[in-house]
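Trainee: If you read the protein sequences in the order shown, they are chains S and X.
Numbered according to full-length UniProt numbering, the first sequence spans residues 1 to 360.
Numbered according to full-length UniProt numbering, the second sequence spans residues 1 to 360.
Any copy will do: because identical chains look the same in the list, a pair fits if it lies in one copy or spans two.
Derived EDC-like pairs: lysine to aspartate or glutamate, alpha-carbon spacing no greater than 16 Å straight-line:
hint	residue 1	residue 2
1	Lys300	Asp287
2	Lys261	Asp297
3	Lys330	Glu358
4	Lys60	Asp110
5	Lys135	Asp304
FYI, nobody ran anything at the bench for these hints, they're computed from the structure.
Number of protein chains: 2
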Amino acid sequence: MATLTRQLANSIKVQLNLNFFRPNSTATKLVYAEHGDPIKVVHTANEPIPKPKDDEVVIKMLAAPVNPADINTIQGKYPSRPPLPAVPGNEGVGEVVSVGQGVNDLKEGDRVVPLVNALGTWRTHTVVSKNNVLKVPKKLGLVEAATLTVNPCTAFRMLRDFVDLKPGDTVIQNGANSACGQNVIQICRAWGLRSVNIVRDRAGIDELRCFLQNLGANHVLTEEELRKTEIFKSGKLEKPKLALNCVGGQNALEVMRHLDKGGTMVTYGGMSREPVTVPTSALIFKDLRIRGFWMTDWTKQNADSVDRFEMFEELISMMTTNELQGPAFKMVSFEQYKEALMNTMTIKGMIGKKYILEFK
Amino acid sequence: MATLTRQLANSIKVQLNLNFFRPNSTATKLVYAEHGDPIKVVHTANEPIPKPKDDEVVIKMLAAPVNPADINTIQGKYPSRPPLPAVPGNEGVGEVVSVGQGVNDLKEGDRVVPLVNALGTWRTHTVVSKNNVLKVPKKLGLVEAATLTVNPCTAFRMLRDFVDLKPGDTVIQNGANSACGQNVIQICRAWGLRSVNIVRDRAGIDELRCFLQNLGANHVLTEEELRKTEIFKSGKLEKPKLALNCVGGQNALEVMRHLDKGGTMVTYGGMSREPVTVPTSALIFKDLRIRGFWMTDWTKQNADSVDRFEMFEELISMMTTNELQGPAFKMVSFEQYKEALMNTMTIKGMIGKKYILEFK
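Construct the entire structure; sequences and hints are all you get.
Mentor: This is the structure we're talking about:
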């Protein structure tokens, strides 16, 4: 007994000396071992927090959103399939609580967001390579940090990479009230682009219109208004060179009709569950270009690119100067994750508040 | 009477001295003053052949094809609408019969093809700026010259401008037996590209398969065979980076399914009269790029480009070495133009012989 206690005491002493690790520290994580209904297949599990290796950091998660893509990943309906068992969660913000011996550029107390896909952010603590996280300033809001790497980046890249837009140029988008759409509106405002924003007619349309205009939307039109609009005929507004589509079907077709000759439509979602239909004449005689965008793939292709870090810098700068707001959200405690899952699963058309898990 | 005769004689003498013009020389042309059924709205007319101005040349047409786009233009169903009254005909080959004083680079007897769209080639003679025609070698066959500027150029540009193809890369196309499709097959062979060619099942499919294979087709598949094909799974054939579509609808969708990640489909026709439908997931997760091509527009944008004259040179070289054959054709005399119109109007799916008007 005495011997065992002494061994334990020595072991604790070594760890304390190294100042890396609090003994008996335990992480709680969500995990799924098979694809299926998230409410059924996701459960909690505890695990000891390992000591960080040389280039590793231990991160205490602060907040992690529940995105529709997280739900699809758990259901096995998403092209990204992390090996099972897997911890869900692709985005989030955490605080560094200890660092490995080889880590100089991060220290305890730093705030970080994931730099890689499918890090598994729905857990109280995680130990990752220092290269897998990006330090963000503390003045960046918790919600903005937790939701930095998907929607704002998607909006940024779609506005930057497909068409060479100049201030004064017009961009049209459907699903304009989606989380990504709100980012598009604000980045357009910041870059001097004029945005035409299509939303479905609904109860409270005036309120929504007002909300989007406050974000910087130049025009907000319902699908029906788009059909009859004269805004591109008056000559006051250039025809759009870029259309962003997260709806598909008839709505995408209506949006496409307003594109300028040689214009590009970029699809990043398909809320109507209908494909994108392109008239042959629009391809041949109007030279429309139909593309798609997937942030996950862009991240893989551009993991260490200058473009990527310049994008983070510009987005964070816009967020800290309030040019770019985070999404409408509801914080729930990590323990209430089922509420967050349920509500995200029943969101219709990406409308509504984003659920964010908060870790105490 | 005597005075009048003398005046006339002097006038004739002046013209003869200038050596530009044979008096009483009359051109016959086809003309339409309104859009409609080509058989009804197109009629013949005679006109004196004017004297060429400084930079002009008088061309005696030798042969001019009747293309489906010519029919659509007369019907008013084509986006190109020459001012009325108009002489139909977009392609052809002629012989220079006289040149203006400022013309040094063309001489009597030279063979030329139009360098501009909608020149109006369905006439015995035309007077145009020397800049509007391209001299072609006499060893170039009459049919090849008369049909140089649309189908071979369309095939060339689609294989050159959308995807950076390397020898060994695969190209897939539907409507492979179309005039353009036959050019695609032969240019692929010349450039070391492997072509997968989709055709509709039909009586005489074996003969057609053999014909296309003789042109250089690596694979010829019916639409049904395409659905079940294993050729891309065996690993022997790379997945196509480029698909060429002149059909649309379900057929285009089946072809699209075989494209490699990041691959491009270029639409240049829509024989099924159905639009191009693209699954949202193919755009987002497979990064497919859906484009269109219209030779008329390319010509406008690149009228004086180096690319254009290099293309003509390469195509003519391929034609004179028999690497690239002209289309199956039927020559009819200019007087029989109604037969050519009728037959071109009833061609189903661009299959069959191209009618070429021959001028005596």
